[in-house]
Amino acid sequence: MKSDAQTQQVKTGYTVLVVDNDQKSVRFISSILSPFYRLLVKDDAQQVLEHCKERLPDVILMEIPTHALSAYDLARQLREDTRTKSVPIIFLIDKANEEAIDKAFEAGAADYINKPFKATELLVRVKSQINLNISKRRLRQAIDLVPHRIFAKDTEQTVILANVAAAEFFSKKVEDLLGKKEPPLPEGWVYEVVTNDQCPNELFPSKMMTCEEHLILPDGSKKYFLTNKMPFPFSDSQLPALLEIVIDITDEKKRQEEIRHLNEQLLKHGQFKDKLLSLIAHDLINSVFITNSTLSLLLKNVENLSWGKFIDEVEKVKNNSGKTLQLLSNLLEWSKAQFEAVTYEPVTLNLLDELYKLQFILQPYLDSKAIKVVCDVSDKIMIQADEDMLQTILRNLASNAIKYSNEGGTISLTAKEDAGRVYISISDQGVGINPDQLKELQQGNLEHVTTYGTKGEKGSGIGLNLSKEFVERHGGELVILSETGAGSTFTFSVPVST
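The numbering of the sequence shown is UniProt numbering, which starts it at 1 and goes up by one.
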């Protein structure tokens with residue numbers, strides 16, 4: 001009875017290399033496999049080695065013996081070569097030859113088939129090894145796409161798993177790491193592990209733990225890492241092994257330092273606008289509480305979290321830190337503006353270029369709501385504006401548009417010249433602003449305004465008022481048109497470049 005594969009007669013693009021000097025056996029194997037695979041036949045070990053240097057087969061079928069070099073020695077050579085070690089080898093062995101089977105696996109065989117065999121068995125064994133090898137390659141590709149270091153070593157410090165990010169850390173290729181001792185750090189590099197309750201001083205822990213690690217570079221700069229360490233049960237050496245997944249959190253640490261610095265600046269302006277500071281303090285406390293709670297929950301439950309859930313929680317902390325940083329930036333700029341500390345320094349700018357910069361900065365927030373941006377602005381429009389102030393205006397107005405837009409909405413950017421000025425409009429199709437809140441915002445009564453975006457994002461109005469002051473520095477006026485449920489349009493003007 002024919003198998004399904006034999007009935008369908010669908011030829012794949014995979015290549016089977018048959019190593020056999022028995023012509024009768026080769027013809028039999030060919031009759032079975034040639035309808036489905038490209039077949040190459042070699043009867044000499046040296047021919048096999050030379051061919052594999054030029055092009056790798058997908059699977060090797062090896063008869064015992066081969067000319068000059070034994071099949072076992074040939075298999076060992078193929079396994080020791082980094083180019084051919086991943087190609088599965090199937091030995092064709094006389095039935096009940098236990099010694100040959102043992103030798104085959106010791107030499108690196110992936111499988112064996114007892115002779116005589118049926119066509120179905122040969123097809124199934126070949127297909128299984130090809131599919132298994134494909135799965136291994138896909139897994140390797142997936143691991144290499146991960147931007148974080150994935151690294152495993154056994155108790156003898158032999159590297160048993162490494163992805164591209166890990167290899168690049170040591171300035172090596174993956175194949176130069178595998179099966180070898182863990183290389184030393186470059187000269188002048190110092191690695192420190194922050195030992196605490198979550199990260200005890202254990203080289204090979206019995207359960208997953210998360211550590212913070214510092215890398216001090218020769219120039220004195222520091223890089224910060226969050227390292228997950230866990231037992232790794234897939235060591236070929238059968239020795240205990242450790243898997244490390246290392247996430248670079250240097251940028252997150254920098255953001256935290258920036259927040260600390262901004263807080264210091266804010267303390268210098270603590271004598272004015274008591275009500276305003278009370279409002280902002282509430283928002284900051286809420287944001288920091290969310291970050292702290294998330295981190296505490298993450299550390300407490302790290303052993304039970306899946307890798308995907310762990311990354312999701314880290315992303316939440318990252319996003320919340322970004323929002324906190326933007327809130328503090330707005331407050332600092334507004335504070336400086338109150339004391340005339342911000343100087344107005346207009347230069348000639350291409351408006352479209354400035355809008356491209358804005359979209360680049362806000363793209364992650366746009367993507368989070370799948371919001372489309374339609375920009376109807378000529379690349380010929382040149383304006384006279386303070387670049388930092390202009391970006392602050394655009395960023396705050398566009399952030400509001402994103403905040404109050406529904407998922408899948410559209411934000412429109414338009415500009416027109418009139419009487420020596422350029423009128424720039426940012427429009428959304430979101431929830432709009434109710435008349436009472438709109439009036440309060442236009443009058444600058446921040447303490448009476450608390451708004452929420454379509455995803456619950458809290459707003460205090462400070463960004464809008466900061467934008468209003470910076471627009472006035474340019475001799476313009478911020479005009480807001482809004483209707484509840486129909487969206488809003490923010491329009492301001494700056495001078496045309498002469």
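These are calculated hints, taken from the structure and not from any lab test.
Given the structure is predicted, the values throughout are model-derived calculations rather than measurements.
Ideal Cβ placement from N, Cα and C applies to all residues, glycine included.
Some clues are possibly wrong.
[To be verified] Straight-line alpha carbon distances no greater than 16 Å define the calculated EDC-like cross-link-like pairs of lysine to aspartate or glutamate that follow:
1) K318 / E417
2) K115 / E63
3) K85 / D176
4) K24 / E54
5) K172 / E156
6) K222 / E264
7) K318 / D248
8) K357 / E387
9) K85 / D219
10) K380 / E354
11) K115 / D20
[What the hints assert, rightly or not] Label-pair distances were calculated between CB atoms; the ranges are:
12) D73 / T155: 51 to 59 Å
13) F234 / Y356: 42 to 50 Å
14) E156 / F117: 17 to 25 Å
Practice task
Assess, step by step, whether the Cα of K85 is no farther than 16 Å from the Cα of D176, and give holds or violated.
Solution key: Holds, at roughly 13 Å.
Problem - Given pair status - E387, K357, alpha carbons within 16 Å - result: 11 Å, holds
Practice task
Please work out if K115 and D20 have their alpha carbons no farther apart than 16 Å.
Solution key: 13 Å, holds
Problem - Hint consistency between K85 and D219 [alpha-carbon to alpha-carbon, up to 16 Å] - result: The hint is violated at about 41 Å.
Handout entry: Pairwise hint evaluation, E417 against K318, where the allowed Cα distance is 16 Å at most
Key = 40 Å, violated
Practice task
With respect to the beta-carbon atoms only, verify the hint that D73 and T155 lie 51 to 59 Å apart.
Solution key: Distance hint for D73, T155 is violated at roughly 31 Å.
Problem - Hint consistency between K222 and E264 [alpha-carbon to alpha-carbon, up to 16 Å] - result: Roughly 22 Å between the alpha carbons, so the hint for K222 and E264 is violated.
Practice task
Confirm or reject the claim that F234 and Y356 have a C-beta distance inside 42 to 50 Å.
Solution key: Holds, since F234 and Y356 (Cβ atoms, about 48 Å apart) stay within the stated range.
Practice task
Would you check the hint for K318 and D248, treating anything up to 16 Å between C-alpha atoms as holding?
Solution key: 12 Å, holds
Handout entry: 17 to 25 Å as the expected CB spacing between F117 and E156, which holds or is violated
Key = At roughly 40 Å between Cβ atoms, F117 and E156 fall outside 17 to 25 Å, so the hint is violated.
Problem - Satisfaction of hint between E63 and K115, Cα-Cα up to 16 Å - result: 10 Å, holds
Handout entry: Pair hint outcome, K172 versus E156 [Cα-Cα no greater than 16 Å]
Key = 20 Å, violated
Consistency note: the structure conflicts with the earlier hints numbered 1, 4, 5, 6, 9, 12 and 14.
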